[in-house]
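Visitor: One letter stands for each residue in the lines below.
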Amino acid sequence: MTVSPSRVLRSVLREEAFYFFTSIGNYTGQSASSLDEFLQQIKEVNIKSLEFHLYREDFEKWIAQTLGDAKLAEDIKSLRNMKVVGNALRDRLYFLVSRRIKDLKIAPQASK
Amino acid sequence: MKIKGQGVSLDSLDWQVLKLLHENAKFTYTEIGNKLDVAHSTVYDRIQRMEKQGIIKKYTAVVDLQKAGMQQITALMTIHTDPKESESIASKLAEFPEVLEVSSSFSEELVINAKVVAQDQAKLHSFIAHSIAPLPGVLRIRTSIITKCFKEEASPLIP
Chain S
1 MTVSPSRVLR
11 SVLREEAFYF
21 FTSIGNYTGQ
31 SASSLDEFLQ
41 QIKEVNIKSL
51 EFHLYREDFE
61 KWIAQTLGDA
71 KLAEDIKSLR
81 NMKVVGNALR
91 DRLYFLVSRR
101 IKDLKIAPQA
111 SK
Chain B
1 MKIKGQGVSL
11 DSLDWQVLKL
21 LHENAKFTYT
31 EIGNKLDVAH
41 STVYDRIQRM
51 EKQGIIKKYT
61 AVVDLQKAGM
71 QQITALMTIH
81 TDPKESESIA
91 SKLAEFPEVL
101 EVSSSFSEEL
111 VINAKVVAQD
121 QAKLHSFIAH
131 SIAPLPGVLR
141 IRTSIITKCF
151 KEEASPLIP
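Those protein sequence lines, which keep their order, are chains S and B.
Residue numbering for the first sequence follows the numbering used here, beginning at 1 and increasing consecutively.
Residue numbering for the second sequence follows the numbering used here, beginning at 1 and increasing consecutively.
Just to be clear, a hint being listed does not mean it is correct.
[As the list claims (entries may be wrong)] Derived lysine to any residue pairs resembling SDA-like cross-links, with alpha carbons at most 20 Å apart:
#1 B:K123 x S:Y55
#2 S:K102 x S:L39
#3 S:K48 x B:E152
#4 B:K123 x S:F52
#5 S:K48 x B:I145
[Unchecked claim] Computed list of chain S residues with no C-beta within reach of chain B, every gap over 10 Å:
#6 P5
#7 S11
#8 F21
#9 I24
#10 G25
#11 N26
#12 T28
#13 G29
#14 S31
#15 E37
#16 L39
#17 A70
#18 D103
#19 L104
#20 K105
[Unchecked claim] Label-pair restraints from in silico Cβ distances:
#21 S:E57 x B:N24: 42 to 52 Å
#22 S:E16 x B:H40: 24 to 34 Å
#23 B:A61 x S:K48: 52 to 62 Å
#24 B:L100 x S:I47: 45 to 55 Å
#25 S:K105 x B:K151: 54 to 64 Å
#26 B:K58 x S:N87: 46 to 56 Å
#27 S:R7 x B:K57: 44 to 54 Å
#28 B:H40 x S:R14: 28 to 38 Å
#29 S:K105 x B:C149: 32 to 42 Å
#30 B:A122 x S:E44: 21 to 31 Å
#31 S:E16 x B:D45: 54 to 64 Å
#32 S:A70 x B:P83: 34 to 44 Å
#33 B:K57 x S:K48: 38 to 48 Å
#34 B:K58 x S:E15: 31 to 41 Å
Calculated directly from the structure, the hints in this document are not laboratory data.
It should be emphasised that the depicted structure is a prediction, and the values quoted were computed from it without experimental measurement.
Glycine residues also receive a C-beta, built at the ideal position from the N, C-alpha and C atoms.
Can you build the whole structure from these sequences, using the hints too?
Guide: Next up, the structure:
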């Protein structure tokens, strides 16, 4: 399946942004409207928020359904399956997303 | 005894009628008249006037949803907002059917308090994440899910 890098890297509307919570109904005040902002927030949000969303499958849903990047969603799903937690989760998530952004930015038209 | 509230004067008979209606809104004019030892036409006039003045806002049924077979959870949200957007956020919250009560309060900072219902935790979270968090001016949200209610009174009548 091909994806359009510009589509994945675009900024989405406020209603479609990703909102970081630490638990049910507890919003941190941090959000991401693009994959670049998402990467930035991975560095900054409370680790509890990363764990909360990873194990609810929220990250992969947002990345696949809103940004349209099935590959990155699949990579994040595998991270979930490895049951990574704590700072290891933050580091691995950051690595996956930053690598994907780099690939998408150098891709000329479409990326696998 | 006359008590003034927001420019409307209520006498002791009005308050007694209100108390009885508050206890049971299905009391007839005659039943209220008998309890207060006044004519049912007097009760009718008082109620008509208080309805027109908006003192009696509506008559409603208190439904035990669990007995009715409906599962639902109730949560209390504290929403920290940009003070400039506070009124607008409160108005928008009030439009959602899931939101039962909205108020603003001030301790160390101005916050909006809201009582919200949902079928389950997943739906509650989805509602907050997709409908409340994206509102412009929402800074953060704290939510507590009510586990047990010890008292629930719509509006206590303390004249």
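Visitor: Each hint needs a verdict: does it hold in this structure or not?
Guide: Results for each hint:
Distance check on the hinted pair: K123 of chain B and Y55 of chain S sit about 17 Å apart at the alpha-carbon level, within 20 Å; holds. Between K102 of chain S and L39 of chain S, the direct Cα distance comes to roughly 12 Å. Compliance with the 20 Å bound is thereby established for this hinted pair. With a C-alpha separation of about 34 Å, the suggested pair K48 of chain S and E152 of chain B falls outside the 20 Å cut-off, and the hint is violated. Between K123 of chain B and F52 of chain S, the direct Cα distance comes to roughly 16 Å. Compliance with the 20 Å bound is thereby established for this hinted pair.
A C-alpha spacing of about 19 Å is found between K48 of chain S and I145 of chain B, which places the hinted pair at or below 20 Å, so the restraint holds. For P5 of chain S, the condition that its CB be more than 10 Å from all CB atoms of chain B holds, with the nearest at approximately 26 Å. Under the 10 Å C-beta cut-off, the non-interface status given to S11 of chain S relative to chain B holds; the minimum distance is some 14 Å. The claim that F21 of chain S lies off the interface is violated: its Cβ sits roughly 7 Å from the closest Cβ of chain B, which falls inside the 10 Å cut-off.
Against the 10 Å criterion, I24 of chain S falls within the reach of chain B, whose nearest CB is about 5 Å from its own CB. The Cβ of G25 of chain S does not lie farther than 10 Å from every Cβ of chain B; its closest approach is about 3 Å, which violates its non-interface assignment. The Cβ of N26 of chain S sits about 6 Å from the closest Cβ of chain B, inside the 10 Å cut-off, so the non-interface label is violated. Listed as outside the interface, T28 of chain S is inconsistent with that label: its C-beta sits roughly 6 Å from the nearest C-beta of chain B, within the 10 Å cut-off.
Look at G29 of chain S: its CB is around 4 Å from the nearest CB on chain B, not clear of 10 Å, so calling it non-interface is violated. Interface exclusion of S31 of chain S from chain B breaks down, the closest Cβ pair being 7 Å apart, not more than 10 Å. Residue placement check: E37 of chain S keeps its beta carbon more than 10 Å from all beta carbons of chain B (closest about 14 Å). Taking the minimum C-beta to C-beta distance to chain B, about 20 Å, the non-interface status of L39 of chain S holds against the 10 Å cut.
The Cβ of A70 of chain S sits about 22 Å from the closest Cβ of chain B, beyond the 10 Å cut-off, so the non-interface label holds. With 10 Å as the threshold on Cβ separation, the claim that D103 of chain S sits away from chain B holds: the shortest Cβ distance comes to roughly 29 Å. For L104 of chain S, the non-interface assignment is confirmed: its Cβ lies about 25 Å from the closest Cβ of chain B, beyond the 10 Å cut-off. Distance to chain B confirms K105 of chain S as a non-interface residue, since its nearest Cβ pair spans about 27 Å, more than 10 Å.
With their beta carbons about 50 Å apart, E57 of chain S and N24 of chain B fall inside the hinted range of 42 to 52 Å. Taking the beta carbon of each, E16 of chain S and H40 of chain B are about 60 Å apart, not inside 24 to 34 Å as hinted. Between A61 of chain B and K48 of chain S the CB atoms are about 42 Å apart, so this pair departs from the stated range of 52 to 62 Å. Our hint of 45 to 55 Å for L100 of chain B and I47 of chain S is violated, since their Cβ atoms are close to 34 Å apart.
A hinted range of 54 to 64 Å holds for the C-beta pair K105 of chain S and K151 of chain B, which are about 59 Å apart. Judged by the Cβ atoms, the range 46 to 56 Å given for K58 of chain B and N87 of chain S holds: they are separated by roughly 55 Å. The hinted window of 44 to 54 Å between R7 of chain S and K57 of chain B holds, with their beta carbons roughly 51 Å apart. Checked against the hint of 28 to 38 Å, the pair H40 of chain B and R14 of chain S fails, with Cβ atoms roughly 57 Å apart.
At roughly 54 Å, the beta carbons of K105 of chain S and C149 of chain B sit outside the given window of 32 to 42 Å. The hint said 21 to 31 Å for the Cβ distance between A122 of chain B and E44 of chain S, and at roughly 26 Å that hint holds. Roughly 57 Å separates the CB atoms of E16 of chain S and D45 of chain B, a value that falls within the hinted 54 to 64 Å. Distance hint check: the CB atoms of A70 of chain S and P83 of chain B are about 42 Å apart, consistent with the given range 34 to 44 Å.
Taking the beta carbon of each, K57 of chain B and K48 of chain S are about 43 Å apart, inside 38 to 48 Å as hinted. Between K58 of chain B and E15 of chain S the beta carbons are some 33 Å apart, a value that agrees with the proposed interval 31 to 41 Å.
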